[in-house]
Amino acid sequence: MSRRLTSSLAACVWIPLFPLRCEEARHEGLSSYPTALLAPDTTRKLWQVSSLARHAGVKPGMTVSQAIGLCSTLRLIEPDPVHYDEQFTALLSALGEVSPVVEPSELGLVYVGVDGLEGICGSPQKIIQAIHQTVRPSDRSTVRLGWGVGKFTAWVAASRAKPSEAIVVPGGEEQKFLASQPIAVLPLDVDIHRRLRQLGIRTLGALVAIPEAAVTAQFGDVGKRLWQLAAGRIAEPVEGRVTPEPIVAALTFFTPVGERELLVHALEQLIARALRHPRRIGWRVHAMRLRADLECGDVGGDRSPTNRSWMVNVLLKDPTADGDRIAAPLKVRLEQSPPTGAVERLVLEFTAFAPGTTELQLFARDAQAAARAGQQRALRHAAREVRMRVKRANLYHVIEVQPWSRLPERRYALIDYEP
Amino acid sequence: MVAPARAPLRTDRLRAVNEPRAVTVELNESGRMSVGRPDGQTVGEVEAILESWRIDDEWWRQPIARAYMEVMLEGGKRMVLFQDLITGQWFAQMP
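The listed protein sequences derive, respectively, from chains B and H.
Quick note on numbering: my numbering labels position 61 of the first sequence as 61, and the sequence is numbered without any gaps.
Quick note on numbering: my numbering labels position 26 of the second sequence as 26, and the sequence is numbered without any gaps.
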C-alpha cells in the first residue's frame, strides 16, 4: 500500500461559484449578463447566481418564477455536473504537478499541501505563484488563495483574500490573524450563528475571550471544536489521496477464442467488472492495459510449443469512469491490430487513475448517475441530429414556473432546448 | 472530449404551456350548449356537464374569476371549458 501523504502547511485554492465560472468559460460573453444556474436536482430552483443577477435581487434557492419576476433579462443555465467534475479534475491534476498532496474539499475548493516545497519553488510567494499558474486563465481573475498552518487558517485566509490575490499567514501568527475574523468563517449552523450573535460575539477573538469550558457548556462538543478552531488550537493537515493500486480483471476461455465479436463482448464484461471494483470508487480511469495470452503454437517447425501474448496500452486523454468511453479506444486497437492467434485468457488492467470529487459521487460515480449522464449525452446528440436535419428543431424543456398555481397556464412553461 | 453544453436559456424565450384557447359557446335551437371555434367551425354539442368549479384569484391586482366546467360532448369526448366572468368570454383548457 502507498504511504498516506499529509502536510501541515496548507495553501487553500478557492474559486467561488466554480460551476458558474465553468459556464462563463465556455460561453463567451455570458459574464456580461445576469446569470443563474439551475439546481442539478429536480427542484428546479436556482443554485448559483452571478453578481449581476444578485444586484437585481436574485438569490440562490429562489424559484424560476420569482427570479424572472425580479430580473426579466436573467439567463438561466441548465447545470452540467459532469462537465464541472471534469474541469475540477483537470484543476486537481494541474495542482498535482505543483504538490503531491492535494485534497479536494468541494467544487472549486482545494487544499494543497506545501510542506517542503520551499526547496523546489522558493518562497511562499513563489509557491503561490506556481499554484496560481495552474488555474485555467479564465479563473485567474477570480481565484482566491490562502496560506497558513492547517486547513482552517488557509481557508479563512483564502476567504478574506481579494480576487486573484493571496493572503499568507506566517507560522505562529495564526491566533493574531484569526482573532479579527468574523464568526461567519467558522463551520457553524444557522442556529449557533444566531445564538453567538445574540451573545454579542462577532469575531473569533471575542469567542476565544470566553473560557473554553463555558463555550463547551453552552454549545457542547460542537462549541468546543469551534472554540479550538477560533483559537488556532486545531491545525488539520492536508491529506493527499492515496492513488489506488492497479485493478485487474481477467477472463479465461474454456476454448481459445478467435472471433472478434466474442473478444469485444468479453472486453465489455471485463470493463464492467473492473469498474465495479471497490478500489475504483471515487477515481477515474486514466491509463489501462489489455493483454491476452494466446494459444500455444508451433514456431519455426521445431515442434516446440511457445507461449505467445498480445498487449495494448491506452492512455485516456480525458480520464473517465464511463464504460463506453473506456471501451472505445480498446475496441479500435482490437480492430486495427488484433491478436495474432486465438485468445486463451484476456486480462484488463486499470493502471493509472485521476481523482474524482465529492460531487462526482453524486453525479457521475455510481452506475445510476453514469447512466443519467449517458442519457443526457444521447439526448444532446439526438437533438443536434434533429436540428441538423430539419434546420430548426422545435425542442423545448418543460420547466416548473408556479406548480402550485390554481391557474393551469401558470404552472409550467416551455423553454428552448439548445444542446 | 466534453460535449458542449446547452446554450444559456433566455427567459425571454419562455413559452406558456396550456394557455386557454378561445371558443364560442352558444345555445342552439334545441336549447343545448354548442361549442365552436372562433373561425365558426363546430366542435360539438354538450351532452352533459360532468363537473363545475370556480376560481377567483389575484383580487389584489388584476382580478381573475373563472367558472370552469368539465363537459361531455356528443360522441363521448370530454372537454374543460371556462367562462371568464369578467369579460364573459369562453375558453377551452386542459385541467
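Do not take every clue at face value.
[Said to hold, decoys possible] Sample of chain B residues facing chain H (criterion: CB under 7 Å; computed from the structure):
1. 52
2. 281
3. 403
4. 406
5. 409
6. 412
7. 413
[Unchecked claim] Chain B residues, not near chain H, derived (Cβ > 12 Å throughout):
8. 135
9. 160
10. 334
11. 411
[Said to hold, decoys possible] If you want the ones that stay clear, here's a sample from chain B, every Cβ over 10 Å from chain H, calculated:
12. 60
13. 68
14. 209
15. 235
16. 345
17. 398
Please keep in mind that the hints were generated in silico from the structure rather than gathered at the bench.
Note that CB positions come from ideal geometry on N, CA and C, so glycine has one too.
Minimum Cβ-Cβ distance from residue 235/B to chain H exceeds 10 Å = Holds, since 38 Å exceeds 10 Å.
query = For residue 411/B, is the shortest beta carbon distance to chain H beyond 12 Å?
reply = violated, 7 Å
query = Does residue 345/B sit more than 10 Å from chain H, CB to CB?
reply = holds, 33 Å
query = Holds or violated: is there a CB of chain H closer than 7 Å to the CB of residue 52/B?
reply = Hint violated; residue 52/B Cβ to chain H Cβ min 13 Å, cut 7 Å.
inquiry  = Is the interface hint satisfied for residue 403/B? The criterion is a beta-carbon contact with chain H at less than 7 Å.
reply    = Nearest chain H Cβ about 12 Å off; hint violated.
message = Next item in the hint list is residue 281/B. Is there a CB on chain H closer than 7 Å to its CB?
response = Cβ of residue 281/B sits 22 Å from chain H, so the hint is violated.
ask   = Hey, does residue 398/B actually stay past 10 Å from chain H on C-beta?
value = violated, 7 Å
key: 10 Å cut-off, C-beta based - residue 209/B kept clear of every residue in chain H   = holds, 49 Å
query = Beyond 10 Å from chain H, beta-carbon-wise, is residue 68/B?
reply = violated, 5 Å
query = Holds or violated: is the Cβ of residue 160/B farther than 12 Å from all Cβ atoms of chain H?
reply = holds, 32 Å
query = Would the stated hint for residue 409/B survive a check requiring a Cβ distance to chain H of less than 7 Å?
reply = Residue 409/B check passes; min Cβ-Cβ to chain H is 5 Å, inside 7 Å.
inquiry  = Just want to verify: residue 334/B was marked as not at the interface with chain H; is every Cβ pair farther apart than 12 Å?
reply    = At about 22 Å from chain H, residue 334/B clears the 12 Å cut-off, so the statement holds.
This entry does not satisfy hints 1, 2, 3, 11, 13, 17, going by the numbered hints stated previously.
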